[in-house]
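Residue numbers (the working numbering), protein chains in the order written: chain H, 28 to 169; chain E, 28 to 169; chain U, 28 to 169; chain Y, 28 to 169.
Derived pair list, reagent style DSS-like, types lysine-lysine, alpha-carbon separation capped at 30 Å: (1) U:Lys71 to U:Lys138; (2) E:Lys71 to U:Lys138; (3) Y:Lys138 to E:Lys138; (4) H:Lys126 to H:Lys71; (5) H:Lys71 to Y:Lys138; (6) H:Lys138 to H:Lys71; (7) Y:Lys71 to H:Lys138; (8) Y:Lys126 to Y:Lys71; (9) E:Lys126 to E:Lys71; (10) U:Lys138 to E:Lys126; (11) U:Lys126 to E:Lys138; (12) Y:Lys138 to H:Lys138; (13) E:Lys138 to U:Lys71; (14) E:Lys71 to E:Lys138; (15) U:Lys126 to U:Lys71; (16) Y:Lys126 to H:Lys138; (17) Y:Lys138 to H:Lys126; (18) U:Lys138 to E:Lys138; (19) U:Lys138 to H:Lys138.
The set of hints was computed from the structure by calculation and includes no laboratory data.
Number of protein chains: 4
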Amino acid sequence: MSDAAEIRMDAGALNAFLHRAFPEVDPEQMPQVLEVEAGRALLKLPYASRQLRPGGVISGPTMMSLADTAAYAMILARIGEVALSVTTSLNIHFLRGCKPGDLYAEATLLKLGRRIATVDVLMWTQGRERAAAKATVAYAIP
Amino acid sequence: MSDAAEIRMDAGALNAFLHRAFPEVDPEQMPQVLEVEAGRALLKLPYASRQLRPGGVISGPTMMSLADTAAYAMILARIGEVALSVTTSLNIHFLRGCKPGDLYAEATLLKLGRRIATVDVLMWTQGRERAAAKATVAYAIP
Amino acid sequence: MSDAAEIRMDAGALNAFLHRAFPEVDPEQMPQVLEVEAGRALLKLPYASRQLRPGGVISGPTMMSLADTAAYAMILARIGEVALSVTTSLNIHFLRGCKPGDLYAEATLLKLGRRIATVDVLMWTQGRERAAAKATVAYAIP
Amino acid sequence: MSDAAEIRMDAGALNAFLHRAFPEVDPEQMPQVLEVEAGRALLKLPYASRQLRPGGVISGPTMMSLADTAAYAMILARIGEVALSVTTSLNIHFLRGCKPGDLYAEATLLKLGRRIATVDVLMWTQGRERAAAKATVAYAIP
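In isolation and in its complexed conformation, chain H is listed as follows (with noise of 0.2 Å):
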């Protein structure tokens, strides 16, 4: 999955798709698409202390929101942004706290198939070999 002749949008594309898509999102709050291949997507979440749960790490619903556009990015780079996909679901594992920092989410595109992808997301603010959170998504495509 590595011919970049199979992507449909880039970075850039996609940056701006998510910027018209969700209007009401702070600029400085949106997740920035800073790399896509053909099965993967690095994407960056600029931290803010509103991010921060009682204990001082990164909030869970953060990582959630963030695994998800990760997700949605990842696919549209594949399938372009003609499609309306959404979310049927979505499943989390906390591997230990997320200390503050910028947010980092690694999307692997585990299966792009007619009707459903299936995306892998990887997140962290330390170092991707410490993981903070692991996610699978699953899109329906429309």
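Based on the hints, put chains E, U and Y in the right spot on chain H.
Just chains E, U and Y, lined up with the frame of chain H:
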């Protein structure tokens, strides 16, 4: 699990705790605990247009966040505020597009173990029989 | 979802189908559909010592397999035998050690969509109020 | 997580343990641990026609059972045979029909905590790049 004596925090105590624990959340956007029993809790998240995603339905992250809070409230109701409990995993299935409106979450305690508590959460805006999402949340108890 | 007219296969038809579809399974080890309604099905897996794992409790794979069959039976009850439905995802939480005994599974239909059906399954050997596991199963409908 | 010194049980020790722990399983049907490293294990389940479901593909329960065993082996490799570890949750996504053949499972250790270990498992019969299923398994460590 219907013995009222088993509840250590009632709806009022839980709401006061949530406001103290999440001081950065706009009070009008805070989920409200409406009812608490030993094995069940009902919460409401007031509607705001900011919760919508493209297509005019309530976003997945809005529902995931409420599911997490509902499970948290259900567990604190039983073990009390003293404990710092953290989500270990969350699984959610989106069942149908969630029409705009106040979002309700019904948490059912599946098991309160010594170390892990597991809670089911059903969510809807248009009536319990037309649920928009179903989640299962596991919390680690310290 | 209580209209009996919505059921296309009753318990007898489902049991006959399962025996035809899985001819290699020992008939004494086949799950039995005990009850079917439009939104609920009850199955029983007869106990056999082979189901035990170390510690003398019923194994996880035994419960996962029954959860899958219970969801399958619930869906076939509604859409009929003509459809070849396949599991797309299964999430299970083990709540307590499952003491030896006949294993019951109660399937509840969360949503029967055009393309995806989602079913909750509660399982127990010692009474429904002491559930051993809870599963959520999604099936793709062809 | 590449330090070989961190492994307490190697492939041979794990295989011997599995045969002792599951004496009722036909030795020819027992999953085999092929490789073990500190953060990864590879297992193989020999093919048998009994594993098939209608449609001629390997059944979901066969894959769920192997995912559970692969996670178990990965954890025991690190914590040793003395511990009685039990599955707390399993989430599996079926990606494509699994053609008949020896079934491989690659377990990757996401986190080995004091109380919970989380393991990803990828499974295939026709090559790792055409995975049939992906699971995430959480075990409680006593």
